[in-house]
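Q: What follows is each chain in one-letter form.
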Amino acid sequence: MSFELSRNIIIGQYIPGNTFVHRLDPRAKILVTLFLLFGISFTRSLIVSFVYLATMLVIVWSARVPLGFVLRPFVRGLPLILFFLGFSVLWLGWQEPAGIVFFQWGWIRITSNALLMAVLSLTRLISLLLLISLPTLTTPITQLTYGMESLLTPLGYVGLPVHDIAMIATISLRFVPILAEEMERVIKAQASRGGEIGALSWREPMQIGKAMLPLVVPLFVNAFRRAEEMAVAMEARCYVSGAGRTRFVQLHAHLIDYVVVVGMLCYVIAVWYGADLAFNAVLARFA
Amino acid sequence: MHALAGVNLTIERGEYVVILGHNGSGKSTLAQHLNTLLWPTQGAVWGKEWNTRDVKRTLDIRRTVGMVFQHPDNQIVATVVEEDVAFGPENLGIPREELLRRVDWSLEQVEMQAYRTRAPHQLSGGQKQRICIAGVLAMQPEVLVLDESTAMLDPQGRNEVLAIAHRLNREQGVTVVAVTHFMREAVDADRLIVMSEGRIVMDGPPRAIFQEREQLRQLHLDVPHVSALAAELHARFPGFPGNLLTVGEIVKEVKKWGAQYEVRNTQHEIRDTDFAAPDATRNTNH
Ligand SMILES: Nc1ncnc2c1ncn2[C@@H]1O[C@H](COP(=O)(O)OP(=O)(O)OP(=O)(O)O)[C@@H](O)[C@H]1O
Ligand SMILES: [Mg+2]
Numbered sequence: 036m037s038f039e040l041s042r043n044i045i046i047g048q049y050i051p052g053n054t055f056v057h058r059l060d061p062r063a064k065i066l067v068t069l070f071l072l073f074g075i076s077f078t079r080s081l082i083v084s085f086v087y088l089a090t091m092l093v094i095v096w097s098a099r100v101p102l103g104f105v106l107r108p109f110v111r112g113l114p115l116i117l118f119f120l121g122f123s124v125l126w127l128g129w130q131e132p133a134g135i136v137f138f139q140w141g142w143i144r145i146t147s148n149a150l151l152m153a154v155l156s157l158t159r160l161i162s163l164l165l166l167i168s169l170p171t172l173t174t175p176i177t178q179l180t181y182g183m184e185s186l187l188t189p190l191g192y193v194g195l196p197v198h199d200i201a202m203i204a205t206i207s208l209r210f211v212p213i214l215a216e217e218m219e220r221v222i223k224a225q226a227s228r229g230g231e232i233g234a235l236s237w238r239e240p241m242q243i244g245k246a247m248l249p250l251v252v253p254l255f256v257n258a259f260r261r262a263e264e265m266a267v268a269m270e271a272r273c274y275v276s277g278a279g280r281t282r283f284v285q286l287h288a289h290l291i292d293y294v295v296v297v298g299m300l301c302y303v304i305a306v307w308y309g310a311d312l313a314f315n316a317v318l319a320r321f322a
Numbered sequence: 008m009h010a011l012a013g014v015n016l017t018i019e020r021g022e023y024v025v026i027l028g029h030n031g032s033g034k035s036t037l038a039q040h041l042n043t044l045l046w047p048t049q050g051a052v053w054g055k056e057w058n059t060r061d062v063k064r065t066l067d068i069r070r071t072v073g074m075v076f077q078h079p080d081n082q083i084v085a086t087v088v089e090e091d092v093a094f095g096p097e098n099l100g101i102p103r104e105e106l107l108r109r110v111d112w113s114l115e116q117v118e119m120q121a122y123r124t125r126a127p128h129q130l131s132g133g134q135k136q137r138i139c140i141a142g143v144l145a146m147q148p149e150v151l152v153l154d155e156s157t158a159m160l161d162p163q164g165r166n167e168v169l170a171i172a173h174r175l176n177r178e179q180g181v182t183v184v185a186v187t188h189f190m191r192e193a194v195d196a197d198r199l200i201v202m203s204e205g206r207i208v209m210d211g212p213p214r215a216i217f218q219e220r221e222q223l224r225q226l227h228l229d230v231p232h233v234s235a236l237a238a239e240l241h242a243r244f245p246g247f248p249g250n251l252l253t254v255g256e257i258v259k260e261v262k263k264w265g266a267q268y269e270v271r272n273t274q275h276e277i278r279d280t281d282f283a284a285p286d287a288t289r290n291t292n293h
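Protein chains in written order, with this note's numbering: chain A, 36 to 322; chain B, 8 to 293.
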């Protein structure tokens, strides 16, 4: 844990740009993200997962987002990821059908199907990481909030307080930098009185827990006080939940946004049903 | 135990009123009665022709009496400056065209147009507080209540905010009610109200109120340095006016006296004690 928390906060790390991906309506981005999320998560085919990885790489490239930047959490977590992958290869080693058995020694058995599963998980993981990072990297977070609110509007008719949810999301986002700053201040204040939170590593969970307590309590107390003041200030500015508000920010969907949404939906369906067929057809041609 | 008791107060349109009082004297409580954030348990508060108890008028009163609080961070709702300024009129259901115009106008009033797409946490304290004022102005209020809105600011930020409040008062005819602990801010007001134990104990123009140094001292309040200086000079040289409030006034008066001194100087020697302010020696002793 470092003193410069506010600089390490990833949420809403928007990289300004003017690419096609940046200009897309936030609602279109959210929908396309959901389609792809569905496609990537539920495929069990290695071919399909490779197609998605390639798709994601193309999108990342076209948004001019530095790949290294997006993959940083992956690289950091790599030891852990490899550990779990190795573990699951051993675990799946005894599952049938096993395919080709490469290696067997005692209870350890490495099979081709287990390895394929591991590769599938890995490509899926990378694709998901790229997918999840893209919306916040290419859209100001407020736009995403408005997009979400707009998409959820139909649910308002069945009683979901859509507007309140959006308001809560906005205020939470507003408080992220404030609370980060406050946390930094509290850590420094504790450190100056001999608290050691900055010096501890995650290998000492008990000490971390003990050192966190005097840090978390004032943070929470402050957050509640802030929330209360904020509520009064909002009331003073005539806030009445929901009805009758007009909107300063308005989203405008263009033809291209509709085309992208429908196009990507078709693409996901086509890949879902088609990629394996196409691959097999190509194989048959050459076999 | 009442937070406010026996308060009888009329604030006229276009006045610049400053409310003083020690901690817990009921200033914020009074301020929050002005726009229905609080209701009196006895008696009534009227804004224009509306009783604050009339819930149908709550929004009318709140848009007429805009309120800015102490901590700018706890008043800014949105993550982009212009969206925050739009928050009030959005709540009032102002049509979008008008909304855009008001946001432009309000940002212009506080000279923050250049920052309209910034995130609030990238602004200085004074700038944030100006955004809060813009957010209130966008509701086009007739009264601006500032509850210690300059307390968290450095001198520059404080001056920025005060300059805006005074300009709005002068040019737009906005009534200003400012709660503060800074005597400097009280000097420029049309009217001072001093509170203690939930009551109004003094009410009048600053020049008259700062004359009552003994009473203010009992209420744990200072007088502005300039007033104190003028009073000391008055005690020492009865001909010197004791009710001056600004540095400019003191300078003018001293110049006048300097001219007389040169005349007197030729007549007899000046003794050191002529210049010793009685209070200065007293203060250094304890
Ligand atoms: N929510 C509350 N519940 C009960 N008592 C309160 C509440 N808020 C304020 N009081 C009491 O009302 C009195 C007046 O408080 P108020 O906040 O108006 O004082 P103030 O003059 O604004 O003080 P400060 O200069 O510290 O802001 C105080 O005695 C306080 O303890
Ligand atoms: Mg107060």
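No wet-lab data here; the hints were simulated from the structure.
Treat the hints with caution; some may be incorrect.
[Said to hold, decoys possible] If you only want the chain B side, here are some residues facing chain A, beta carbon under 7 Å, derived:
1) Glu56
2) Phe76
3) Thr86
4) Leu99
5) His128
[Stated by the list, open to error] Far from chain B by the CB rule (all over 12 Å, computed), these chain A residues:
6) Ala133
7) Ser185
8) Ile200
9) Leu208
10) Val211
11) Pro253
Since this is a predicted model, take the numbers as computed values, not measurements.
All C-beta atoms in this analysis are idealised placements derived from N, C-alpha and C, irrespective of residue type, glycine included.
Q: If a hint holds in the structure, say so; if it doesn't, say that too.
A: Right, here's what the structure says about each hint:
1. Glu56: 19 Å, violated
2. Phe76: 6 Å, holds
3. Thr86: 5 Å, holds
4. Leu99: 6 Å, holds
5. His128: 4 Å, holds
6. Ala133: 53 Å, holds
7. Ser185: Holds, because the least Cβ-Cβ distance between Ser185/A and chain B comes to about 15 Å, which exceeds 12 Å.
8. Ile200: 15 Å, holds
9. Leu208: 5 Å, violated
10. Val211: Given a closest Cβ separation of 9 Å, the condition is violated.
11. Pro253: Nearest chain B Cβ is 16 Å from Pro253/A, so the label holds.
Hints 1, 9 and 10 from the earlier list are contradicted by this structure; the remaining hints agree with it.
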